[in-house]
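Asker: Spelled out, the chains give:
Protein chains: 2
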Amino acid sequence: MDGRLDDEVVRVGGDARQRYYDASGYGRPLEGNEIELAPVEAAHLLFRGDLDAVDGMGFREFFAHATDAVDRFGVRYLVYADLRSRGFYLSPSRADWVPAPRRDDDFVVYERGQGPPDGDVAYRVRVVGEREMVSAAAIAAARTDSGDAALAVVDEESEITYLDLGHPDLDGSTSVGLPDGVPAAVLDDRVICWEPPVSLYEQGFFGRPLSGREATEGDPLQLSLVEAAYLAARGAIDLQEGSITVRDRGRAVEGERFDRRLAAYTELRDRGVVPKTGFKFGADFRTYADVESVDSLGHSELLVRVLPADHAFAPRDLALDVRLANGVRKTMVFALVGDDDSAGDGDIEWLSVTRLTP
Amino acid sequence: MDGRLDDEVVRVGGDARQRYYDASGYGRPLEGNEIELAPVEAAHLLFRGDLDAVDGMGFREFFAHATDAVDRFGVRYLVYADLRSRGFYLSPSRADWVPAPRRDDDFVVYERGQGPPDGDVAYRVRVVGEREMVSAAAIAAARTDSGDAALAVVDEESEITYLDLGHPDLDGSTSVGLPDGVPAAVLDDRVICWEPPVSLYEQGFFGRPLSGREATEGDPLQLSLVEAAYLAARGAIDLQEGSITVRDRGRAVEGERFDRRLAAYTELRDRGVVPKTGFKFGADFRTYADVESVDSLGHSELLVRVLPADHAFAPRDLALDVRLANGVRKTMVFALVGDDDSAGDGDIEWLSVTRLTP
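Chains A and B, in that order, give the protein sequences.
Straight run, no breaks: the first sequence in this note's numbering ends on number 343.
Straight run, no breaks: the second sequence in this note's numbering ends on number 343.
Honestly, the hints are just simulated from the structure, not real lab data.
Note that the Cβ used here is the ideal one computed from N, Cα and C, for glycine as well.
There may be inaccurate statements among the hints.
Stated by the list, open to error - Just so you have them, the derived chain A footprint on chain B, three or more residues with Cβ under 8 Å:
(1) 6 to 12
(2) 43 to 57
(3) 80 to 87
(4) 118 to 130
(5) 216 to 225
(6) 259 to 272
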């Protein structure tokens, strides 16, 4: 059977509706038995030999034609074919093809065994090539209430990585009674409490004893600048008069990043979650939702990377973070902090990204 | 016992030589029984209570003084104390303190049970704070023939990550007979061979069948731009006349990075090692040293990130790469490619970085 191009959609007549749409979920029905196929659908049918030609073009010629004529045809075809090979029916997310299509989605993927027009949606997929930058705001906006938003990244060798875009669970149960005005000193890019109350470390999990592995009770406690800035803002520590403020020191060594990190740190603490450095995982923080004592710490649940709200991801960096988090059984979370947020005036956008195997 | 400051070194008399140097490897002997201590050593003895005061200063006062007066005192003290707590003796890497000190090293760490003046060296350690950028060239230069070079990174919470700096094993046994002039076409940012010889994928592990998981013999083969540029330079594939060259397309989509990646790819292939995309690991390549057939692929051994020779690492990025590689049982390798190298005229510097637990 042959199709014909009509403004970069392929129309097929004859028994096309029964053969392609009803039986296999390809295309969109028009009048009578005619259907129209998106270019990726037509290419897939040509490749399978289920369609003979489009305007006289076989698979190769049509593929080359569509690569030139249709935006991101190559990567979209690869994802379409991959999801088909995994047993899914899927439709291009176009007006009049699926209910309530969204602008940046490429495909609506139906639950296994279901298809258009009224199948349940398993995933709403956006496709990108590994060389395209993806704005963090766009990823955050792509999330749905039903949690079915996914990003499909096609790498240079045409392998596909699927990522699930979601809302992280940031509720913790840690409750810490802060002390009042504990003397502390800024020393270079750290802060030291020479005589800390035991609870600050033991229950609050603030800082690290100066003697580290050999710590004994009453040891001096080192605080990171972000921990110290949080505690100083609450009056829990008292820095020597005349010394530079912790926040100024933080800005001096990290610039605006310090304000963003402090905003994320503060919101996590306010939610009962304890953030500690994520350095060993290449992140800003790892987090513990339920700390009662440092002697009975559980596994940390999240890795948090703090980014400016206008950040754009290189997909490779995203793949790196998500892969690492998966390997250490944590969830990768991005805190997108706007200019207002870092002054403490706005909401931080929290975005989780996890591996997805369709 | 008390010490006195003399140009930011601490001199101690009495029985100091026997007590600190001979018994515990602190300091450097002067005339008679006098020794001199580096500030980190004096601070450590003060903290332990083995030294009473330096110019009247106890631990706290001396620590604060040294933080102001001595370059990177805080992070160096933390590493010194950590290695001591792990049971090592170590000496500041200073002229006249250790044999053949090197400029950028901070400490010479002796094998367990050994110490100055003639203990065997376990590690030569350079200390950095997590906020300091570290030039890739400096890391490459720090490596020794005996493989004992290490980087100690102190994070914002004063936890320490030790990294071993080495020379990776890049010898492979893969031998591929390349075809001659196989027709291929550039399609967007990939290349397709419509009728590839089976050996190109099956033995050479070039490309990926267009139909991916459902591939059958004779399927079209997609090549990445870097694979195609390598094959085109050897006459193995023949791109349609008049089409843009693969290398130009690569530069158009990746800039100079494409040339660097092609240089690294080429050297690996020339050494019998097969590079494939490392995208899922956030790297440029993963590599297989001994490919006989794609049906019997072993575990890939290396993750390669290609960087310009003048790259400077944020220690956090380094920690991320090394942690991920460790988690997937691969070795992280950086290919440092200079401007001459990417034209194929020079040597690429290959640097391995692995986790170290002293």
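Asker: Determine for every hint whether it applies to the structure shown.
Answerer: Against the structure, the hints:
no.: 1; hint: 6 to 12; result: violated (count 0)
no.: 2; hint: 43 to 57; result: holds (count 4)
no.: 3; hint: 80 to 87; result: violated (count 0)
no.: 4; hint: 118 to 130; result: violated (count 0)
no.: 5; hint: 216 to 225; result: violated (count 0)
no.: 6; hint: 259 to 272; result: holds (count 7)
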